[in-house]
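Participant: Listed in order, the protein sequences are those of chains A and B. So in my numbering, the last one in the first sequence is 557, and the numbering has no gaps at all. So in my numbering, the last one in the second sequence is 557, and the numbering has no gaps at all.
FYI, nobody ran anything at the bench for these hints, they're computed from the structure. In this text, all values refer to a predicted model and were calculated from it rather than measured experimentally. A hint or two may mislead.
[Claimed, not checked] With a straight-line cut-off of 30 Å between C-alpha atoms, the simulated DSSO-like cross-links for lysine-lysine are:
1) B:486 <-> A:321
2) B:318 <-> A:323
3) A:321 <-> B:318
4) A:318 <-> B:539
5) A:470 <-> B:318
6) B:323 <-> A:539
7) B:318 <-> A:379
8) B:486 <-> A:318
9) B:323 <-> A:321
2 protein chains.
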Amino acid sequence: MQTSVIHYAVHCNLFGTFRPRPCAFVRRFSNKQQVRRKRINASASLAAAGEKAVKPEHDVPGMTTFLESLKWDKNKLVAVIVQHIDTGEVLMQAFADRAAINETIQTGLATFYSRSRGGRWCKGETSGHFIKVQNIFTDCDRDSIIYLSDPIGPACHTGARTCWFKEVQLVADGAQGQTDSTAVLHEGAHNNGDHAPRTTLQALERTIAQRREALQQPADGSKPSWTARLLGNPELLCKKIREEAGELCQTLEADEGRERAASEMADLLYHSMVLLNLQGVEMEEVLRVLRKRFTQSGIEEKASRPPKLQ
Amino acid sequence: MQTSVIHYAVHCNLFGTFRPRPCAFVRRFSNKQQVRRKRINASASLAAAGEKAVKPEHDVPGMTTFLESLKWDKNKLVAVIVQHIDTGEVLMQAFADRAAINETIQTGLATFYSRSRGGRWCKGETSGHFIKVQNIFTDCDRDSIIYLSDPIGPACHTGARTCWFKEVQLVADGAQGQTDSTAVLHEGAHNNGDHAPRTTLQALERTIAQRREALQQPADGSKPSWTARLLGNPELLCKKIREEAGELCQTLEADEGRERAASEMADLLYHSMVLLNLQGVEMEEVLRVLRKRFTQSGIEEKASRPPKLQ
Numbered sequence: 248m249q250t251s252v253i254h255y256a257v258h259c260n261l262f263g264t265f266r267p268r269p270c271a272f273v274r275r276f277s278n279k280q281q282v283r284r285k286r287i288n289a290s291a292s293l294a295a296a297g298e299k300a301v302k303p304e305h306d307v308p309g310m311t312t313f314l315e316s317l318k319w320d321k322n323k324l325v326a327v328i329v330q331h332i333d334t335g336e337v338l339m340q341a342f343a344d345r346a347a348i349n350e351t352i353q354t355g356l357a358t359f360y361s362r363s364r365g366g367r368w369c370k371g372e373t374s375g376h377f378i379k380v381q382n383i384f385t386d387c388d389r390d391s392i393i394y395l396s397d398p399i400g401p402a403c404h405t406g407a408r409t410c411w412f413k414e415v416q417l418v419a420d421g422a423q424g425q426t427d428s429t430a431v432l433h434e435g436a437h438n439n440g441d442h443a444p445r446t447t448l449q450a451l452e453r454t455i456a457q458r459r460e461a462l463q464q465p466a467d468g469s470k471p472s473w474t475a476r477l478l479g480n481p482e483l484l485c486k487k488i489r490e491e492a493g494e495l496c497q498t499l500e501a502d503e504g505r506e507r508a509a510s511e512m513a514d515l516l517y518h519s520m521v522l523l524n525l526q527g528v529e530m531e532e533v534l535r536v537l538r539k540r541f542t543q544s545g546i547e548e549k550a551s552r553p554p555k556l557q
Numbered sequence: 248m249q250t251s252v253i254h255y256a257v258h259c260n261l262f263g264t265f266r267p268r269p270c271a272f273v274r275r276f277s278n279k280q281q282v283r284r285k286r287i288n289a290s291a292s293l294a295a296a297g298e299k300a301v302k303p304e305h306d307v308p309g310m311t312t313f314l315e316s317l318k319w320d321k322n323k324l325v326a327v328i329v330q331h332i333d334t335g336e337v338l339m340q341a342f343a344d345r346a347a348i349n350e351t352i353q354t355g356l357a358t359f360y361s362r363s364r365g366g367r368w369c370k371g372e373t374s375g376h377f378i379k380v381q382n383i384f385t386d387c388d389r390d391s392i393i394y395l396s397d398p399i400g401p402a403c404h405t406g407a408r409t410c411w412f413k414e415v416q417l418v419a420d421g422a423q424g425q426t427d428s429t430a431v432l433h434e435g436a437h438n439n440g441d442h443a444p445r446t447t448l449q450a451l452e453r454t455i456a457q458r459r460e461a462l463q464q465p466a467d468g469s470k471p472s473w474t475a476r477l478l479g480n481p482e483l484l485c486k487k488i489r490e491e492a493g494e495l496c497q498t499l500e501a502d503e504g505r506e507r508a509a510s511e512m513a514d515l516l517y518h519s520m521v522l523l524n525l526q527g528v529e530m531e532e533v534l535r536v537l538r539k540r541f542t543q544s545g546i547e548e549k550a551s552r553p554p555k556l557q
């Protein structure tokens, strides 16, 4: 079955046969080295997972054939997009040469070729913010790769979660807001992700968080939003969640059809996310719980438990 | 507030001031033209939304300043990643010149520069599979753009939903599966998306769908999975969904902490998704319902209704 094949591929190979290890090529920035060294120590668990030399590509069966199937540009590079496995966020985009792809597959850590520095570069080698690659995909014409990943810390070198924290906002230029427009590059505060691309679930989560923040402000006399009412009344919120779950079930029990089911699920999801906000839980954490549950076998789960004290 | 700014930007400008229109540059493929023409007619709603000429960039206030803030490569292009606004899927990657970005902002339709054909190209102009751009973002060093989008039909020219339908699977080469590995490029059947990058929610949805498919097969005597049991017993499923909703509420009512809340939400989400499968609903549809609800004002909702017959 497909899932078990993927599962096997990821767990037995990307992180089983070849364990994460720091990359051979280490960038040196003398001024910030001490700060960065501290971060590397903080993520020592990765390095401690075992150091294993990366084999030349011809020593890994199938690797050369695979690498030759890719369409390299005139600089012998392919574009690589790093995507967050849980949230779907596009985290960074860079380029990789043959050796970088070979190294990524063997170490399970996202590795690239830096065009500006002219050398191979394992993301996180100086910052400690490694990116664990779970699955690798190529596109239809084989010149672009996706590393579906589980990042350790922020992906952007500025410290932002993703490199895309600048939004192009089009501001209406006219009394009615309908006559013309102005393109404005909004330099978002990159550390709160306010201007990062948000998919629907993330955007909804942010809206709920904003309603919560607004609750701390003095009331301006306007009617509170439904979200604000729910946030301020846990009893009402829990009543609604139970109701919405019941209504979702009823779509099946009373055969109310697929459109109704989608609508009731949207209600349930929204109300549950309001509760998550009150509990200080982000959807990313829920998704991580789900991923761990359905990609981990009982044996792996047992093996991952901390050793018992003697 | 941030959300209302984004909302305003998207609705009043990308799709308000400038309406989607077919692009000026039209690719011509004589052999498939008829089939494609049919598809264009099918999506006539887009073209019917109004045709408005794209202004030169200097006629749009702020556009030249914005375009000059981008870091163009030596071919005067930037990389563009198209991401699905609801699911987070990375749909395609291409390049754009100044004119293509200008056109995208004005028309709201993803437009690129084709390096192979040496010309501007609006995705969908021949296939009808336009990509409606909802938000635009640039990355930290301004040489890469994300079009956060709502696609009409498949994004890949092969008819696949996303261009990344080839998975690199690492197959263990050794009796214990722990001694060595072989890199294999798995040519996935692109039309079912089996080998496309799946974020956690999508992967879970696919697993549930596979359990459903397996139910149609003759039983092999092995113990059915929990998912299979739920799929085969709607009464049990609905009982569980109501229970899980109650347990999620209880994390708030009994102050059981954030970890417990994340875990109960994962349970509720999983069980609800099993119900969605039985109802023939994909999470994408639920997310679309959510997006429409929280980004559309009452006025817009009213304006979007079909006109009444006189």
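Participant: Determine for every hint whether it applies to the structure shown.
Facilitator: Results of checking the hints against the structure:
1. A C-alpha spacing of about 60 Å is found between residue 486 (chain B) and residue 321 (chain A), which places the hinted pair above 30 Å, so the restraint is violated.
2. Straight-line distance between C-alpha atoms of residue 318 (chain B) and residue 323 (chain A) comes to about 22 Å, which keeps the hinted pair within the 30 Å bound.
3. For the given pair, residue 321 (chain A) sits about 20 Å from residue 318 (chain B) by alpha-carbon distance, which is consistent with the 30 Å threshold.
4. The suggested pairing of residue 318 (chain A) with residue 539 (chain B) is violated, with an alpha-carbon distance near 40 Å, which exceeds 30 Å.
5. Annotation: proposed proximity of residue 470 (chain A) to residue 318 (chain B) is violated, straight-line Cα distance about 45 Å (limit 30 Å).
6. Proximity of residue 323 (chain B) to residue 539 (chain A) is assessed by CA-CA distance (about 44 Å); at most 30 Å being required, the pair is judged violated.
7. This hinted pair checks out: residue 318 (chain B) and residue 379 (chain A) have alpha carbons roughly 29 Å apart, not beyond 30 Å.
8. Simply put, residue 486 (chain B) and residue 318 (chain A) have alpha-carbon atoms about 52 Å apart, too far for the 30 Å limit, and the pair is violated.
9. Straight-line distance between C-alpha atoms of residue 323 (chain B) and residue 321 (chain A) comes to about 17 Å, which keeps the hinted pair within the 30 Å bound.
Of the hints listed earlier, those the structure fails to meet are numbers 1, 4, 5, 6, 8, in rising order.
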